[in-house]
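Going down the list, the sequences are from chains X and A. Letter by letter, the first sequence follows residues 1 to 162 of the working numbering. Letter by letter, the second sequence follows residues 1 to 103 of the working numbering.
Treat the hints with care, as some may be off.
[As the list claims (entries may be wrong)] Within a straight-line C-alpha distance of at most 25 Å, the following computed DSS-like cross-link-like pairs (lysine-lysine) qualify:
1) LYS26(X) x LYS88(A)
2) LYS88(A) x LYS28(A)
3) LYS88(A) x LYS102(A)
4) LYS102(A) x LYS28(A)
5) LYS28(A) x LYS26(X)
By construction, these hints were calculated from the structure, which means they are not laboratory data. Owing to the predicted nature of the structure, the values given are computational and were not obtained by experimental measurement.
Here is how the chains run, residue by residue.
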Amino acid sequence: MNIYDLIFYLFAALTLISAFFVVTNKNIVHSAFYLLFTFFGVAGIYVLLGADFVAIVQLIVYVGGILILLLFGVMLTNKITNVEIKTGTINIFSATVGVGLFAGVLLAAVLYAPWKVSVLQEPVSTTGILGNLLMNEYVLVFELLGIILLIALIGAASIARR
Amino acid sequence: MVTVGLTHFLIISTLLFSMGIYAIITRKNAVMVLMGVELILNSANINFIAFSRFGNFGYNGQLIALFVIVLAAAEAAIALAIVLNIYKNLSTVNVDEVDNLKE
Numbered sequence: 001m002n003i004y005d006l007i008f009y010l011f012a013a014l015t016l017i018s019a020f021f022v023v024t025n026k027n028i029v030h031s032a033f034y035l036l037f038t039f040f041g042v043a044g045i046y047v048l049l050g051a052d053f054v055a056i057v058q059l060i061v062y063v064g065g066i067l068i069l070l071l072f073g074v075m076l077t078n079k080i081t082n083v084e085i086k087t088g089t090i091n092i093f094s095a096t097v098g099v100g101l102f103a104g105v106l107l108a109a110v111l112y113a114p115w116k117v118s119v120l121q122e123p124v125s126t127t128g129i130l131g132n133l134l135m136n137e138y139v140l141v142f143e144l145l146g147i148i149l150l151i152a153l154i155g156a157a158s159i160a161r162r
Numbered sequence: 001m002v003t004v005g006l007t008h009f010l011i012i013s014t015l016l017f018s019m020g021i022y023a024i025i026t027r028k029n030a031v032m033v034l035m036g037v038e039l040i041l042n043s044a045n046i047n048f049i050a051f052s053r054f055g056n057f058g059y060n061g062q063l064i065a066l067f068v069i070v071l072a073a074a075e076a077a078i079a080l081a082i083v084l085n086i087y088k089n090l091s092t093v094n095v096d097e098v099d100n101l102k103e
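Can you build the whole structure from these sequences, using the hints too?
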């Protein structure tokens, strides 16, 4: 058991435990804060997989952007003064059974599938490689994503102000 | 405790996916449903990057994970704008009570 495995289990535990609290906590603000730890743990897993650039983007976009947006959504749509910030739940029993079965099938598929693993290379810094791919092979997707973000910005502003 | 390989990462992403589905099914608050969607997108990203590392696919998986993150940001912005609008019109964000588009 080397240090890589130890760090992996640390980040895996952080991710899964905080994700469990996200989906079970009654208080929606607490859920949002547990989601912070989930995103952080996922970023750590990206680093362990040799994806340093994606990990940093995950931290910047998810923790800095999406989580703040979600917290704004919580704060703007609940009355903080009277304690009506708890979220109701429905379908607990059927959801537990269904999701449990689904997870079991998926786990069995993952565990028993004969995955072909290629020889691992030493992880290198991926920023330059990803930039080259983005500007050569994927340049059309890149441009389309820019347009999508612009449309999403305009659409969100116009929907929210109506 | 065996040494960490592809299966470990796939198990993490499976469990994250299941918890995201659970959040979407059980929660009433629309913002919580959005959090479940974010969990699912994260689990998909873990899969993309794990296969990009352990398979012989180059760096395409990491790039697609980046695209997923961009789309998640756009989706969160639009969805929260819609949620705010629903709250303004109907004074609730519980998805089981919102059964018409306009009061």
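Outcome of the hint check:
1. LYS26(X) x LYS88(A): Holds, because 24 Å separates the two Cα atoms, which is no more than 25 Å.
2. LYS88(A) x LYS28(A): Holds - the C-alpha atoms of LYS28(A) and LYS88(A) are around 17 Å apart, at most 25 Å.
3. LYS88(A) x LYS102(A): Cα-Cα ~11 Å, so holds.
4. LYS102(A) x LYS28(A): holds, 19 Å
5. LYS28(A) x LYS26(X): The hint holds at about 11 Å.
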